[in-house]
Amino acid sequence: MVVIPIAVDWAALYEEHAQELAGYLAKLLGDRETASELTQEAFIRGLSAERSLREPAAALGWLYRTGTNLATSHLRRRALLRFLPLTGVEIAAPDSFDVEAAQVRAALRSISTDHAATLLLFYDVGFDRKEIAAMLGLSEETVKSRLARGRKDFLAAYRRLERGLAR
Amino acid sequence: MSGDDRDDIEEGEVRSLLGVREPRVRLPAYATVVERARRPRLALVPLAGAIAAVVFLAAAGIWFSSRLPSAVANPTPGPSQSAVCEPSAPAVVGPLSLGTSLRTALEAITPSDPQINQLRWVLRFTVPSGAPGPATITSRAQITVSGRSGLHVLGYDLLEPAQRALGDGEVLTVGPCQTVRLVVRAGGPLLEGTFPYELTIDKVGLPEGGTVSARYSLQLSCNNRAFTCTPVAAGTTPAPTPTPVAGILSPHFGVIYQGVRQGYEKGSAPLVRREGETSTVAELAPSFFNQFAGAVSPDGRRAVYFAQPQNEPWALYLLDGARPTDLRKLTVIDGEIPGGSLVWAADGSGVAFAVLDQGANQGVTPRYSAIRTLDITSGKVTELARITDGSAYALVGWDRAPATLAALMVPHGAPASTYVVFGSSGRRTWQLDGEYSVYGAPNGRDVVGIRCAAGTGCSLWTWTLADFDTRVDRKVGPGLSLGFVGFRPNSNDLGLFVSSSASPSAQTIELWSADAGRRVIYGPVEQMPDAMFFRADGSAVIVSTRPTETLVVDLRTKAVSPLPQPVPSAPFEIGRPVASIALD
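So the protein lines, in turn, are chains A and E. Under numbering that gives the first Met the number 0, the residue at position 33 of the first sequence is numbered 32, and the numbers go up by one with no gaps. Under numbering that gives the first Met the number 0, the residue at position 72 of the second sequence is numbered 71, and the numbers go up by one with no gaps.
Keep in mind the hints are simulated off the structure, nothing from the lab. All values reported here derive from a predicted model rather than from experimental measurement. Check each hint, because a few of them may be wrong.
[Claimed, not checked] Some chain E residues flagged as far from chain A (calculated, every beta-carbon gap over 10 Å): (1) E12; (2) D167; (3) K474; (4) A581.
[Unchecked claim] No farther apart than 16 Å at their CA atoms in a straight line, the calculated lysine to aspartate or glutamate pairs in the EDC-like style are these: (5) K151/A with E9/E; (6) K143/A with D6/E; (7) K143/A with D156/E.
Glycine included, every Cβ here is placed at the ideal spot set by N, Cα and C.
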């Protein structure tokens with residue numbers, strides 16, 4: 000049975016943070032449709048997980064952690080089943096042709112998902128190291144090292160792609 | 000410049016690149032999400048269920064590891080340990096020596112549980128009794144396949160001396176005459192076939208001092224359906240490609256495959272191979288993503304496609320089946336990007352394509368979208384229409400004789416809103432009455448639209464290219480899910496992938512026509528094929544059932560033959576078949 004918890008104001012969380020979470024997932028995945036699906040899925044799991052979410056203040060971090068885990072699994076699965084529709088009007092996706100933005104996405108994809116997620120949470124979403132550590136169940140030191148290593152890997156990958164080199 | 004300065008610059012650059020503005024992601028109203036949460040969750044397909052389970056376990060691993068007392072992280076020798084320090088358990092790789100005394104082995108790769116689809120790599124580290132000190136193992140691993148980044152590491156567990164979850168980067172101490180066994184949990188397997196895998200533990204501190212990496216290399220044969228991986232001897236010959244059934248494959252036709260990898264180097268671009276052969280007939284112009292963005296002509300003998308060679312603008316190329324190795328550039332769209340699908344004129348004399356300004360990248364509404372036509376013989380390009388309200392054109396069909404071209408107008412970040420026809424008497428528009436997937440027939444006359452709604456299934460509509468008001472609901476029946484396969488060349492048939500809510504596992508590929516109704520041509524199949532298209536003359540349908548398996552179904556006899564495909568050098572190097580073209 001699904002129980003809607005009273006302690007967490009999910010409607011307000013959705014109103015204030017769903018778009019931000021979806022934007023983060025879109026960058027991590029390079030795919031807005033899937034980002035929308037996974038954002039909804041994270042909220043659905045939150046709505047269905049009353050017991051693990053008694054602390055309203057932790058709900059946002061919980062959502063980001065759930066979203067990150069969902070995205071990680073999705074990326075792994077997508078490596079198995081890569082498919083782009085190439086006939087019919089469904090190909091109309093201008094994103095596919097934007098080389099610069101695609102290079103950012105490709106560079107993010109070429110580093111470990113853990114590092115990509117940490118970079119995005121810190122530099123794009125704006126969480127601090129302590130918040131990310133609590134969210135992902137890591138030490139602050141690990142977050143710091145992921146940021147340092149992720150930055151270097153990401154920039155190296157981006158520059159390789161800029162020069163037209165495959166990974 | 001100081002190190003801090005360099006770090007600041009690096010941080011600024013990363014912040015700038017990652018801060019690229021994203022278009023808004025479309026999200027439903029909160030009430031819709033609540034409604035979805037209230038629905039029973041047992042309707043998940045098995046794969047989705049497996050993903051959910053993986054996520055749950057990964058999250059649980061993090062939760063447990065963050066709450067375990069830190070003392071457990073550094074096991075100490077127990078009283079029951081034997082004086083013979085190295086266990087005699089069998090190993091898949093090793094035992095290997097690291098430094099002068101540390102011994103390690105990859106004991107097993109546990110077949111993954113189909114419910115969670117994970118591989119468990121069991122590692123053993125033993126320090127002999129006379130070692131000068133303890134070893135340290137940092138639980139951080141990478142797994143590569145064919146030398147490239149491969150399986151995703153999901154987490155770590157300690158098996159011996161105690162069973163518990165390990166945190167990422169947690170350091171284990173292995174004292175003299177002590178054995179530690181740990182598990183690296185990885186997503187996978189990836190793809191059927193035999194490939195070289197290598198697991199690396201990045202950081203191992205040796206008893207005598209110094210730090211090394213521990214590497215375990217082996218050939219694994221994985222089965223993606225059984226969710227198992229089996230070690231095989233190095234140098235094992237890969238499984239032979241399937242033998243084609245005589246009389247079904249036709250070397251007169253080629254199959255166009257997607258490129259196998261990103262980048263511009265030789266061998267990356269989309270390819271053409273003859274049916275039944277694994278050698279390459281022609282390599283198309285390269286583009287960074289190497290996806291075949293093109294369309295085959297109505298007579299099946301030519302194809303046009305967009306590509307962007309390195310440091311060059313996007314260009315439109317012609318692939319002629321009679322001269323497939325000629326890379327003929329038809330036109331260049333300097334400062335612009337392709338705007339989606341392109342369509343051939345019904346008589347094969349020209350193509351129409353849509354472009355967007357180059358600034359129309361992710362997060363930016365296009366300044367304009369234009370429709371252009373190109374005469375194949377003269378090469379003359381004519382701009383037919385341009386829109387500057389942020390929408391983009393998506394072409395549907397073109398019949399040159401009565402001068403009729405139809406397109407959809409797609410507002411930025413939203414479904415298509417308008418059907419527009421350009422004809423000799425001007426421009427007509429219709430507001431769409433739902434979300435259609437629209438497909439124009441090669442004859443330049445017929446259009447098919449599929450509309451689907453949760454709960455009621457899909458409906459199939461047809462209309463004439465010039466007039467959206469002529470649309471007719473073809474009443475295919477309730478509760479059907481429909482996928483578009485294609486218009487069967489040289490016939491009035493339409494290929495559809497059909498599944499019914501009444502029997503979801505009985506999915507079939509069918510031919511549909513107004514006069515002959517529905518006919519099953521292949522199936523039932525368990526899941527939607529990765530690719531489905533007709534042979535260029537309509538005599539067969541080609542179905543990619545899984546990444547390494549493609550079948551050709553003869554439509555006259557319904558006989559089926561495998562299509563031999565080259566063995567990929569890495570599991571992610573899949574050149575998916577996408578279209579058929581007549582070669583001679």
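Right, here's what the structure says about each hint:
1. E12/E, annotated as away from the interface, has a beta carbon of chain A within 10 Å; the closest lies near 7 Å.
2. The beta carbon of D167/E sits about 7 Å from the closest Cβ of chain A, which is not more than 10 Å, so the claim that it is off the interface is violated.
3. For K474/E, the non-interface assignment is confirmed: its Cβ lies about 22 Å from the closest Cβ of chain A, beyond the 10 Å cut-off.
4. Against chain A, the non-interface label of A581/E holds: every CB pair exceeds 10 Å, the least being about 17 Å.
5. Proposed proximity of K151/A and E9/E is supported: the alpha carbons are some 8 Å apart, at most 16 Å.
6. Note on K143/A and D6/E: the hinted pairing holds, with a Cα-Cα distance of about 13 Å set against a maximum of 16 Å.
7. A threshold of 16 Å between alpha carbons decides the hint, and for K143/A with D156/E the separation of about 23 Å lies outside it, so the pair is violated.
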